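Enquirer: Chains A and B are the protein sequences, given in the same order.
Numbering-wise (my numbering), the first sequence opens with residue 445 and increments by one.
Numbering-wise (my numbering), the second sequence opens with residue 421 and increments by one.
Derived from the structure by calculation, the hints contain no laboratory data.
Among these hints, one or two may not hold up.
Unchecked claim - Chain A is nowhere near these chain B residues, computed Cβ spacing over 12 Å in every case:
1. K431
2. L435
3. D439
4. S475
5. D483
6. D498
7. S525
As the list claims (entries may be wrong) - With a Cα cut of at most 30 Å, we get these calculated DSSO-like pairs of lysine-lysine:
8. A:K561 / A:K475
9. A:K560 / A:K475
10. A:K475 / B:K523
11. A:K472 / B:K424
12. A:K561 / A:K577
13. A:K577 / A:K560
It should be emphasised that the depicted structure is a prediction, and the values quoted were computed from it without experimental measurement.
Glycine included, C-beta positions come from ideal geometry on N, C-alpha and C.
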Amino acid sequence: MSNAIHLHYEVSGEDFTRAGEASGAVKKRLKSLGYSPDAIRRVAIAMYEAEINMVIHAEGGFCDVDIYPDRVEVLLSDRGPGIPDVEKAMQEGYSTAPANVRSLGFGAGMGLPNIKKYSDEMRIDTTIGVGTKLYLTVRVNQ
Amino acid sequence: MTVKDLIEELKLTILVEGDLDREVTDCYIGDLLSWVMGRAPEDSVWLTVMGNINSIAVATLADVSCIVLVENAALDTDARNKANIHGVTILQTEENSYALAVKISGLLR
Numbered sequence: 445m446s447n448a449i450h451l452h453y454e455v456s457g458e459d460f461t462r463a464g465e466a467s468g469a470v471k472k473r474l475k476s477l478g479y480s481p482d483a484i485r486r487v488a489i490a491m492y493e494a495e496i497n498m499v500i501h502a503e504g505g506f507c508d509v510d511i512y513p514d515r516v517e518v519l520l521s522d523r524g525p526g527i528p529d530v531e532k533a534m535q536e537g538y539s540t541a542p543a544n545v546r547s548l549g550f551g552a553g554m555g556l557p558n559i560k561k562y563s564d565e566m567r568i569d570t571t572i573g574v575g576t577k578l579y580l581t582v583r584v585n586q
Numbered sequence: 421m422t423v424k425d426l427i428e429e430l431k432l433t434i435l436v437e438g439d440l441d442r443e444v445t446d447c448y449i450g451d452l453l454s455w456v457m458g459r460a461p462e463d464s465v466w467l468t469v470m471g472n473i474n475s476i477a478v479a480t481l482a483d484v485s486c487i488v489l490v491e492n493a494a495l496d497t498d499a500r501n502k503a504n505i506h507g508v509t510i511l512q513t514e515e516n517s518y519a520l521a522v523k524i525s526g527l528l529r
């Protein structure tokens, strides 16, 4: 669609502390475009969780955001190890995050469940040894 | 009630000063960042022991009014710098979450 605003970010896999830069930037952009606080919050939280996942599990990746008048679509793609059991990963409390990540307050097994909770549509394409693509859509009620 | 009122009433120490005129309408306690991010209400005061850089991202995304590091939990240097950049107010107290929350409850009524 021609009226979409497209944003592209690289999520660094080396630095755990830099996660959140893409979601922070998108949040700012949506705010300046006048989207509702609820929609902005949902997009930001879902994106941040996905960024954290990419840093913890996949050594970073890319984030593509398309902003439409009625929805925000986000594609997060990485070349990580893939998710062996998506159903399990979707369960609240299930986590494979290492101990150092847990000590920072992550690894509670809330990442994917939170993403699902805050997006209106979510799809995961994952292949072991190749990577994962996470598509999410947040609808904007205006 | 503003962040400034909260600081005065509860004698909190200011570690990073953001917008002290922000309204505080609620309170949330938690240390698991994903949990907090998904559930902390906007404009709440967030009580935690997590003083790392990811806490600042969570505070920004969840749009809380301020962070209070309870039981004198430490704020690391990266977190302090990021909070300064993003204008996130960070406060500290020697009290634990429960004791502080009870007082906040009285103030928010």
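Enquirer: Now tell me, hint by hint, if it's right for this structure.
Expert: To see whether the hints hold, each was checked on the structure:
1. With a least CB separation of 27 Å from chain A, B:K431 remains clear of the 12 Å interface cut-off, as annotated.
2. No beta-carbon of chain A comes within 12 Å of the beta-carbon of B:L435; the shortest separation is about 18 Å.
3. Every beta carbon of chain A lies more than 12 Å from that of B:D439, the smallest distance being close to 15 Å; the non-interface claim holds.
4. Look at B:S475: its CB is around 7 Å from the nearest CB on chain A, not clear of 12 Å, so calling it non-interface is violated.
5. Non-interface call for B:D483 relative to chain A: violated, since the shortest CB-CB distance, roughly 7 Å, does not exceed 12 Å.
6. Interface exclusion of B:D498 from chain A breaks down, the closest Cβ pair being 6 Å apart, not more than 12 Å.
7. With a least CB separation of 24 Å from chain A, B:S525 remains clear of the 12 Å interface cut-off, as annotated.
8. Between A:K561 and A:K475 the CA atoms are separated by roughly 21 Å; this keeps the pair inside 30 Å, and the hint holds.
9. Distance check on the hinted pair: A:K560 and A:K475 sit about 22 Å apart at the alpha-carbon level, within 30 Å; holds.
10. Our distance criterion of 30 Å between C-alpha atoms is broken by A:K475 and B:K523, whose separation comes to about 34 Å.
11. With a CA separation close to 25 Å, the supplied pair A:K472 and B:K424 stays within the 30 Å bound.
12. Taking the CA atoms of A:K561 and A:K577, the gap is about 18 Å. The hint holds against a cut of 30 Å.
13. Annotation: proposed proximity of A:K577 to A:K560 holds, straight-line Cα distance about 14 Å (limit 30 Å).
Checked against the numbered hints given earlier, the structure breaks hints 4, 5, 6, 10 and satisfies all the rest.
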